[in-house]
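Novice: Single-letter residue listing:
There are 2 protein chains.
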Amino acid sequence: MDKKYLDVCLTPALIHLYNVEKYVVVIIDIFRATSSICYGMDNGAEAIIPVAEVEECVAYKESHPDYLVAAERNGEVVKGFDFGNSPFSYTREKVAGKTIVLTTTNGTQALHLSRNAKQVFIGSFLNLTALCDKLRTLNDNILLVCAGWKYNFNLEDTLFAGAVADQLKNDGYILDDPALGALDLYQCGKEDIRAYLKKTSHSERLKQLGIEDDIAFCLNVDITTAIPVLQGERLVKLDLSFQA
Amino acid sequence: MDKKYLDVCLTPALIHLYNVEKYVVVIIDIFRATSSICYGMDNGAEAIIPVAEVEECVAYKESHPDYLVAAERNGEVVKGFDFGNSPFSYTREKVAGKTIVLTTTNGTQALHLSRNAKQVFIGSFLNLTALCDKLRTLNDNILLVCAGWKYNFNLEDTLFAGAVADQLKNDGYILDDPALGALDLYQCGKEDIRAYLKKTSHSERLKQLGIEDDIAFCLNVDITTAIPVLQGERLVKLDLSFQA
Chain A
951 MDKKYLDVCL
961 TPALIHLYNV
971 EKYVVVIIDI
981 FRATSSICYG
991 MDNGAEAIIP
1001 VAEVEECVAY
1011 KESHPDYLVA
1021 AERNGEVVKG
1031 FDFGNSPFSY
1041 TREKVAGKTI
1051 VLTTTNGTQA
1061 LHLSRNAKQV
1071 FIGSFLNLTA
1081 LCDKLRTLND
1091 NILLVCAGWK
1101 YNFNLEDTLF
1111 AGAVADQLKN
1121 DGYILDDPAL
1131 GALDLYQCGK
1141 EDIRAYLKKT
1151 SHSERLKQLG
1161 IEDDIAFCLN
1171 VDITTAIPVL
1181 QGERLVKLDL
1191 SFQA
Chain B
951 MDKKYLDVCL
961 TPALIHLYNV
971 EKYVVVIIDI
981 FRATSSICYG
991 MDNGAEAIIP
1001 VAEVEECVAY
1011 KESHPDYLVA
1021 AERNGEVVKG
1031 FDFGNSPFSY
1041 TREKVAGKTI
1051 VLTTTNGTQA
1061 LHLSRNAKQV
1071 FIGSFLNLTA
1081 LCDKLRTLND
1091 NILLVCAGWK
1101 YNFNLEDTLF
1111 AGAVADQLKN
1121 DGYILDDPAL
1131 GALDLYQCGK
1141 EDIRAYLKKT
1151 SHSERLKQLG
1161 IEDDIAFCLN
1171 VDITTAIPVL
1181 QGERLVKLDL
1191 SFQA
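Residue numbers (my numbering), protein chains in the order written: chain A, 951 to 1194; chain B, 951 to 1194.
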C-alpha cells in the first residue's frame, strides 16, 4: 500500500470518526479487561466471548453451564458471577481449557464497536512486543482503540497506545494527532509507568476498590506472546505459526 | 466551594460527558477562530456573533447590512463573505466598532454546545495570562473545551488547554485525566510550540492553504488582555473593571 496510518481513537465515543473497515484494530483497556484477557489466553483459556450486557452473560451460562461467566460494573464483580476483571482470576488453574463469557464497563463495548475491522486484536502491556511484531508483519493501517473510562479519555490506555506507537514509529506509518499525543505522553511516563499513573483519578478509584495488586500486575511488560484475536464472536489465541 | 475541578473536553464530540451548567467554560480553537476573536476584540470589535451555519450568516447580513460576515469551511473563506478566520482580517482598521457574524468549521460549534455554562470565555495564546488571572478570581469549576479538528482531538488546542492548566495547577483544582494529559503535552512542547506543532497533520494542512503567517501569529503569547465573553448570542469584551 502507498501510505499506511497509525491512528489512535482515544475513547469509544469517537470511534464513529474512523472507518474501522480500513484498519486492523487493537482494543486497549489496561485496567483491567484487556490485560486479563491476554493473561487468560496465556494460561490456556480456549476462548473468551465478549458481550455488551450482563444479561447476555446470564443467557450464555444457561445454554452452556460449563462456561465461566465474568462480569464487572464500575470496577466490581457483579453478584452471582464467577469473577470479574481481575487478572488473578485468569490463572491456569481456573481458565485452562475453559470458555469465558465476559462483560466489562468499557472494554467489551469498544470491542463491539470495532467488530467490522479487518482484524481485531487485544493489547496490553503483558503482550506489547509480540503484538507490535505481529502488527509490523501485517503492514496495514492500524487503529488503536482506547476503551477509556465511561467513554472519556484516560491516561493508562493512552499511554499504552503511545507504547505501541513508540515500537512502530520507524516503520513508515503516518501518525494522526491522537497518536502523536499518545507517543509523547508515553515518553513522559515510560521511565516509571506506575508512578506516572498514580496521579490519575482512575488510579485513586481503583485504589479505593482495593485492587492495587491488579494494577501492578497489569503494568508488567512482555510476560506473554499470546495475542487474542476476534474470530466471529469469540476471542481466541492467534496462531503465530501462520504468519500473514 | 469544597472541591473545584479543572477539566478538559478534548473535542466537542465528548461534551455530552460533562454537565456544562456546573462549569465556567473556555472555548479553544487556536488555528484560528478563537485567536482571531481575541484579536478582533483587542482591536475594538463591538461584538462577534458566532453561528453554526453559513446560512445564518447570510440571514444576519440581510437584516443588518452594516454587519461584517465571516465564514470559513475547511480552512478557506466561503465565497461572497467579507472574510474568514485569518487573524489578519481582524485588524483595527477593519473591525473597530463593528459587529461581526462568524461561522467556522469547529470553533462556533463548540461554542454552541457550551452555551448553557455558567459563563463562556474565549481563550487563545494571545490572551492566555489575562484569561488565567480571570479564571483564578472566579474560583469555580473550569471546563476547557477544545474545538479540535472535525470532532477529533488535535494537538494545538490540547496544548493550549495544558498551558492554562500549567498556570492554574497550584490553585487547588482537581484535574481530570484529559487535563493531566494536556498539562504533560504542554510540558513537551512549551519550549518551542511552533516547532512542536510542525509534526501534526493539521499543520501540514494549514501549510498547504498558505497560512503559515496566520499560524505564527496565533502562537504569540499575551499580546492582549481582552477576554471575549458570551452574553446572550454575542461575544463581547469582558469588562475587567467589574471583578466578580
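Incorrect hints may appear among the rest.
Identical chains blur together in the list; that is why a pair holds if it fits in one copy or across any two.
Straight line, CA to CA, 20 Å or less: simulated EDC-like cross-link-like pairs of lysine to aspartate or glutamate [claimed, not checked]: (1) 1119 - 1090; (2) 954 - 1090; (3) 954 - 1154; (4) 972 - 1121; (5) 954 - 1005; (6) 1149 - 1121; (7) 1048 - 1141; (8) 1119 - 1154; (9) 1148 - 992; (10) 953 - 1154.
These are computed hints drawn from the structure, not numbers from a lab.
Novice: With reference to the structure, classify each hint as holding or not holding.
Specialist: Hints, verified against the model:
1. 1119 - 1090: The answer is within: 14 Å in one copy meets 20 Å, while 41 Å across copies does not.
2. 954 - 1090: Within. Shortest intra-copy distance 6 Å satisfies the 20 Å Cα cut-off; inter-copy 45 Å does not.
3. 954 - 1154: Between copies only: 17 Å across chains, 38 Å inside a chain, cut-off 20 Å.
4. 972 - 1121: This pair counts as within: shortest intra-copy Cα distance 19 Å, inter-copy 45 Å.
5. 954 - 1005: neither (40 Å within a copy, 38 Å between copies)
6. 1149 - 1121: between (32 Å within a copy, 16 Å between copies)
7. 1048 - 1141: Intra 37 Å, inter 54 Å, cutoff 20 Å: neither.
8. 1119 - 1154: between (32 Å within a copy, 19 Å between copies)
9. 1148 - 992: Classified as neither; 28 Å inside a copy, 42 Å across copies.
10. 953 - 1154: between (41 Å within a copy, 16 Å between copies)
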